[in-house]
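Throw the hints in and build the complete structure from the sequences for me.
All letters in the sequence shown, in the order written, are residues 155 to 509 by the numbering used here.
These aren't lab readings, by the way, just hints derived from the structure by calculation.
No farther apart than 27 Å at their CA atoms in a straight line, the calculated lysine-lysine pairs in the BS3-like style are these: (1) K325 with K350; (2) K320 with K215; (3) K306 with K350; (4) K434 with K481.
Have a look at the derived ranges for each label pair, beta carbon to beta carbon: (5) Q483 with Q433: 18 to 24 Å; (6) G356 with T262: 35 to 41 Å; (7) E382 with S264: 39 to 45 Å; (8) L217 with D371: 54 to 60 Å.
Note that beta-carbon positions come from the ideal geometry of N, C-alpha and C, so glycine has one too.
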Amino acid sequence: MIQTTDKQSELFDLVDQHDQVIGQATRGECHQNPKLRHRAAVVFLLNQKGQIFLQHRSLSKDLYPGYWVFSASGHVDAGSNYLDTVDRETQEELGVIVPKDQFVQIGTVSYQTQREAELVTVYKANFEGDFNFNTDEVAGGQWYFLSDILKKYQQGDIKVTPCLAKALEDKTILAKLQELLILVDEHDQELGQIEKYAAHQGVGQHHRAFTAIIVNDHQQILLTKRSEFKPLWPQYWDMSFSSHPWFGEDITKACQRRVKQELGITIANFTPLLTYNYQKQWTKALAENEHNYLMIAKYSGAIVPDKNELSNYQWLSWDQLLQFSQKHQDIAFWAELAIQKLQANPTLLETLLTI
Numbered sequence: 155m156i157q158t159t160d161k162q163s164e165l166f167d168l169v170d171q172h173d174q175v176i177g178q179a180t181r182g183e184c185h186q187n188p189k190l191r192h193r194a195a196v197v198f199l200l201n202q203k204g205q206i207f208l209q210h211r212s213l214s215k216d217l218y219p220g221y222w223v224f225s226a227s228g229h230v231d232a233g234s235n236y237l238d239t240v241d242r243e244t245q246e247e248l249g250v251i252v253p254k255d256q257f258v259q260i261g262t263v264s265y266q267t268q269r270e271a272e273l274v275t276v277y278k279a280n281f282e283g284d285f286n287f288n289t290d291e292v293a294g295g296q297w298y299f300l301s302d303i304l305k306k307y308q309q310g311d312i313k314v315t316p317c318l319a320k321a322l323e324d325k326t327i328l329a330k331l332q333e334l335l336i337l338v339d340e341h342d343q344e345l346g347q348i349e350k351y352a353a354h355q356g357v358g359q360h361h362r363a364f365t366a367i368i369v370n371d372h373q374q375i376l377l378t379k380r381s382e383f384k385p386l387w388p389q390y391w392d393m394s395f396s397s398h399p400w401f402g403e404d405i406t407k408a409c410q411r412r413v414k415q416e417l418g419i420t421i422a423n424f425t426p427l428l429t430y431n432y433q434k435q436w437t438k439a440l441a442e443n444e445h446n447y448l449m450i451a452k453y454s455g456a457i458v459p460d461k462n463e464l465s466n467y468q469w470l471s472w473d474q475l476l477q478f479s480q481k482h483q484d485i486a487f488w489a490e491l492a493i494q495k496l497q498a499n500p501t502l503l504e505t506l507l508t509i
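And the structure:
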């Protein structure tokens, strides 16, 4: 029999159904009594392909040894909180650091078994890179598309923890997890939803997107270089940033979300300047096919780029940007289109520069 490496004397807060602290108990006590409801925090890590990392639990775990579970997970110690816990467990179990502000809460799970009861906060975060597993905690893991995880779970091909099972049956969590994009026609009328990776396969499925241009007080435009981890147009220059609104999310909120994630800053006001349709192949297997909003905003100050999103940046005047675009072939296709449309319309260009 394998000896557990989990410390049975760890102290947890006990909570009621409304997450109010009502007492304390040790790990050993909590895992032998389902009346002792305690807290936990978990995270799904996603890569640029939209795959989710599932962790294979070590055989030395006191509960569910050898089962598949979230990317990282752990109990909330007495006096701690959910966010600090998921940050700690990601470092302890996987040996990686995800900026704390990149953890996005996507739901809660409450469950009870014969041995324990937990109230769990579920997060997601983006991550590219290698792991350095804590072998006392983790036996290994695998990147999967959500559709493959659901298929394996529903067919009973993998053993998952009760908490992961609950999350995989929660439609709200799944909708927030898989980054559903908005399918539209050429007039931007909504047609449905689609997973992000599926939207870019083949010739692409026409979906809503945006490109944001940030201008500073000196009428300089922020130009950024996409990271090497991007599945499409990696290491190509873009405007300030580009992305997609999630299903059910408007363009402005999507811009606010992504500017914080990619540039590490907060901008409240984004103004739509124009829209355009385009389709462009990257490889035979991947393409962009978008109804793209060109959004503009004003910002002067420092930025803190996420290295998983951006590898470089520079501020250029409009004339410098034109010269740069004429000399460089490594400019993303949608950014080239934006530059061409602004050059062809002095009124729109003036609106941009004087925002």
